[in-house]
Amino acid sequence: MNRKRGAGLLGAAAVAAMVLAGCGDSSIDKETKANEDQQASSGDCGEVNMAVNPWVGYEADAYVYGAVAEQEFGCKMNYKELKEDVSWQGFGTGEVDTVIEDWGHPDLEKKFFADQGDGSASNVGSLGAEGIIGWYVPPWLAKEHPDILDYNNLNKYAKDFATSETGSKGQFLGADPSYVQFDEAIISNLGLDFQVVFSGSEAASITAFQKAEKDHTFLIGYFYEPQWLFADIDLQRVALPPYTDGCQDDPAKVACDYPTTDLQKVAATKWLDEGGPAQDLFKKFSWTNDDQNVVAKYISEDKMSPEDAAAKWVADNQDKVDAWLS
Amino acid sequence: MTATAAPPRVEPGAQPPVAPREATPRAVWAALVVVAWVVVWAVTKGTDTLARPIRERTDLMDRLSGFRDDVIASRDTNPIIKFTYALGDKFVSAVDWLQRMVSEPNFPRPVPELGWLGVTAVAVWIALAVAGWRIAVLVAASFVSFGLLGFWSDAMDLLIVTFVSVAIVVVIGMPLAVWIATSRRADRVVTVFLDLAQTMPTFVYLLPIVLFFGIGASGAVVCTLIYALPPLIRIAGHGIRSVSPTTIEATDSAGQTFLQRLFKVQLPMARSTIVVGLNQSIMAALSMATLASYVDGPGLGKPVLNALTRVDIGGAFVPGMLIVVMAIMLDRTVTAASQRRDVAAHGEGWSTRTRRIVLAVTGVAVLVCIYESRQALWAAQFPENQSGRWVADRVNSLTGWVVDTIGGFTEGVKNLVSSVLIDPLQSLLAESPWWLAAVAILALAWVFGRSRAIVPTVVCLVGIRLLDFWHDAMVTLTMTLVGTALVMVLAVVFGVWMARSRRVDLLIRPLLDAGQTIPPFVYLIPVLALFGPTRFTAIVAGIVYAAPAAIKLLADGVKNVSPTTVEASRSTGATTWQEITKVQLPMARGAIVLAANQGLLYVLAMVVIGGLVGAGALGYDVVLGFSRSEEWGRGAAAGVTIVLLGVMIDRITRAAADYQPQTAATRPGRLAARNRAGAATVG
Chain A
1 MNRKRGAGLL
11 GAAAVAAMVL
21 AGCGDSSIDK
31 ETKANEDQQA
41 SSGDCGEVNM
51 AVNPWVGYEA
61 DAYVYGAVAE
71 QEFGCKMNYK
81 ELKEDVSWQG
91 FGTGEVDTVI
101 EDWGHPDLEK
111 KFFADQGDGS
121 ASNVGSLGAE
131 GIIGWYVPPW
141 LAKEHPDILD
151 YNNLNKYAKD
161 FATSETGSKG
171 QFLGADPSYV
181 QFDEAIISNL
191 GLDFQVVFSG
201 SEAASITAFQ
211 KAEKDHTFLI
221 GYFYEPQWLF
231 ADIDLQRVAL
241 PPYTDGCQDD
251 PAKVACDYPT
261 TDLQKVAATK
271 WLDEGGPAQD
281 LFKKFSWTND
291 DQNVVAKYIS
301 EDKMSPEDAA
311 AKWVADNQDK
321 VDAWLS
Chain B
1 MTATAAPPRV
11 EPGAQPPVAP
21 REATPRAVWA
31 ALVVVAWVVV
41 WAVTKGTDTL
51 ARPIRERTDL
61 MDRLSGFRDD
71 VIASRDTNPI
81 IKFTYALGDK
91 FVSAVDWLQR
101 MVSEPNFPRP
111 VPELGWLGVT
121 AVAVWIALAV
131 AGWRIAVLVA
141 ASFVSFGLLG
151 FWSDAMDLLI
161 VTFVSVAIVV
171 VIGMPLAVWI
181 ATSRRADRVV
191 TVFLDLAQTM
201 PTFVYLLPIV
211 LFFGIGASGA
221 VVCTLIYALP
231 PLIRIAGHGI
241 RSVSPTTIEA
251 TDSAGQTFLQ
261 RLFKVQLPMA
271 RSTIVVGLNQ
281 SIMAALSMAT
291 LASYVDGPGL
301 GKPVLNALTR
311 VDIGGAFVPG
321 MLIVVMAIML
331 DRTVTAASQR
341 RDVAAHGEGW
351 STRTRRIVLA
361 VTGVAVLVCI
371 YESRQALWAA
381 QFPENQSGRW
391 VADRVNSLTG
401 WVVDTIGGFT
411 EGVKNLVSSV
421 LIDPLQSLLA
431 ESPWWLAAVA
441 ILALAWVFGR
451 SRAIVPTVVC
461 LVGIRLLDFW
471 HDAMVTLTMT
481 LVGTALVMVL
491 AVVFGVWMAR
501 SRRVDLLIRP
511 LLDAGQTIPP
521 FVYLIPVLAL
531 FGPTRFTAIV
541 AGIVYAAPAA
551 IKLLADGVKN
561 VSPTTVEASR
571 STGATTWQEI
581 TKVQLPMARG
591 AIVLAANQGL
601 LYVLAMVVIG
611 GLVGAGALGY
621 DVVLGFSRSE
631 EWGRGAAAGV
641 TIVLLGVMID
651 RITRAAADYQ
661 PQTAATRPGR
671 LAARNRAGAA
681 TVG
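Top to bottom, those sequences are chains A and B. Residue 173 in our numbering sits at position 173 of the first sequence, with consecutive numbering throughout. Residue 172 in our numbering sits at position 172 of the second sequence, with consecutive numbering throughout.
One thing to keep in mind: the hints can contain errors.
[To be verified] The calculated DSS-like cross-link candidates involving lysine-lysine, where the alpha carbons are at most 30 Å apart (straight line), are:
#, chain 1, residue 1, chain 2, residue 2
1, B, LYS90, A, LYS80
2, A, LYS211, A, LYS303
3, A, LYS284, A, LYS312
4, A, LYS253, B, LYS45
5, B, LYS82, A, LYS80
6, A, LYS270, B, LYS90
Read the hints as simulated data drawn from the structure, not as lab findings.
Please put together the full structure from these sequences, using the hints given.
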């Protein structure tokens, strides 16, 4: 037995030697060397823990920032897919460094901003993009019944909006629960004959609007910009009583439209205090709704990976990127 | 578990030979209760329903949120949090180290320490060594499919998390299994916790786990761990307990110590059962994958969730299928490994000598692969290709076509089921005054399970009332009951069919296995596209999730009906229909009740997911609590309500199953527990 095994071993070793001889110079070693060199020359940017909240527009922000940070400063990006609430909890523990698109969370600010809470998070200023929240209907509906775009006429159509979930009332499609929304209050305070059915997720809302436009069915619901779906379906906004300062202060009494939100960047205070190229880039990063929609469309419509989509936008918009680096 | 607590009923006749009939059937009493309920409902409908606007909070919910805030505020000083975070750090570093070995670049290296070729070679060699060459081929094919479809590192991450979690499960679970096997009292105490862990929807774990262990790998490991622990404890405990007492007595008489008895007799003799338990734990761990990615857990769940954010069904399907591939691979490997010794004992397979030679030769080949994968880029990084995307696009066009073709029809089905089943039942349950519904449910519990059912029912109803989720709980109960009814229809049809035809069984069983392993999130979106954001969507998702388990249980139950009885009925000239309805189904009654019990719990477990697709009620409350900081308390309270609902349903059905003038009065309960542990997976 020993002799046979020995023969086998010998044969295998011979094969191994031949294979190894074939590829003496290793591409991996070269790249390792290159990485070490880059780290030595560009200084240590270190790692950035970027929370990625669950909507595609956010992904676009996060990966474009990440592409520039990796390319210019050799930072290592750790993308963490989390909902807002959990992301903010991570600021204090060092698990999360940045939230790049915040739609306003007074409750979280109260807990984590320095002037009100434990100070683990800080506002880093405007993202540049604007959040527009409102009530929307599919375009075919607005075209066939133009008066539907005024809330005063909604009751006239309530029956048409009824579904198996709402019986005789019209159905209003609510949103992902993590979003800012007052639809139940608005409906009851404006005396609308509607009932909110909560879609529960962005995917559910998008699917519902796509279906409604394709089949020409009645649908009204909560939706928002920036959002890639607008490149696909030009949803029409229903006018509510205009927003005035303070009209949303008491959640139970809201009877007005949503304000336009200046989206904010938020970061862990500890991380900001470290200072460095990644932090500077984060402070300067700014772009418009259109920019974001382009990248979001690459990801969701053209099915590109977020990395590729971001790299493409960065390559196409070097001037904008240069402005962040100056 | 005690023997039936109900006093022995006085049977006027002798032992009933076939399906036993009671003096006044329970169905009659149940019908009377329902009629009374409807009558009172007709006059009191709409009062005291305890329905609340979705964003209105109670003091209790705010207190729970306050507790959460206190925990966060004190996390730098609180010793418990410090301890759990330190423990979490250990998990993170273990996972991180393994990731740098096999799935993530180990900076400054552009690739992991061990490339795909090396990892695959090692895995295949291990499979060859422990389970034989067939399994080795299976493992090779599975690993290559991970890379070929473009999810190499996610697949490795899932393996890593599963490996770390299951390792801890074994360390914690085995002593507990020994403990419950050797002490009756321990059994009773531990069983309560196991029941709780298995009834609680997994989504609900995430809230407290994130709080105490943080996000990422640590959160993922802890939630996987909790979910995967009960099967091992239950099944291994059962195995150890079942070691024949005569053997133990015989060896005891030789004067052995407790430890000698454990390690020399009980554990070796229970080995095959323990392996089954281990297998079930692995399967449970895999099924947590998608959920764990909600807290940034690494693994194949990530691309699934990601694709769903983009409504890219195909993109979610591909990694979803790879989870199934991994489940099949691990299941077959562990099973084959556990049977290898028996195979060898029967003189099958290779001789010891051939085996050694083969392993030595292939071992050298493995070393070559490892070396290669550390040196050459092609062997370190799986070559990029578009086959994953290609499959995804095909799946997308297929689903698009299906939705277009049957969309109108499904709309009709949804409206029909909603108006005929869901709406009337919901109206009765949720629009009754709460006290009426409570009394009616209690009466039904008494009819079906007598005192064994009544006590848990009272406790659960009181709890639901105190947590202030009465209305939402009743809506959720409606969805669960409708879902279970439909599951049972499927179970009876397919179960009987499978039991009566071997070919049908062979054909359907793999489909059922897949249905149980595919992450529910994957089929949620196509179901959504068919039915829109409705309660019915959640019900359908629940059916897909629950039907396989129920169908399998029922098929096995019918198959176990004694062939002589069936023969006997056939000889009296019974038609096939009579044979099924008069003999097979009545005699498989225990299995049917068990299937209903499992169906209810599985559908209920999916109800939380329904909150993500417009089903509202408790599911939405949990999702809301998970999403918005100020609603944390609501989520926690709703989670507890779901647990109470689950426990109530479980206890009533179990008591109903036990409360029968049959010989094996205590068996269904134990069987229920065992099957619950086992049912999560491939059979």
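Evaluation of the provided hints:
| no. | hint | result |
| --- | --- | --- |
| 1 | B:LYS90 <-> A:LYS80 | holds, 19 Å |
| 2 | A:LYS211 <-> A:LYS303 | holds, 20 Å |
| 3 | A:LYS284 <-> A:LYS312 | holds, 20 Å |
| 4 | A:LYS253 <-> B:LYS45 | holds, 29 Å |
| 5 | B:LYS82 <-> A:LYS80 | holds, 23 Å |
| 6 | A:LYS270 <-> B:LYS90 | holds, 23 Å |
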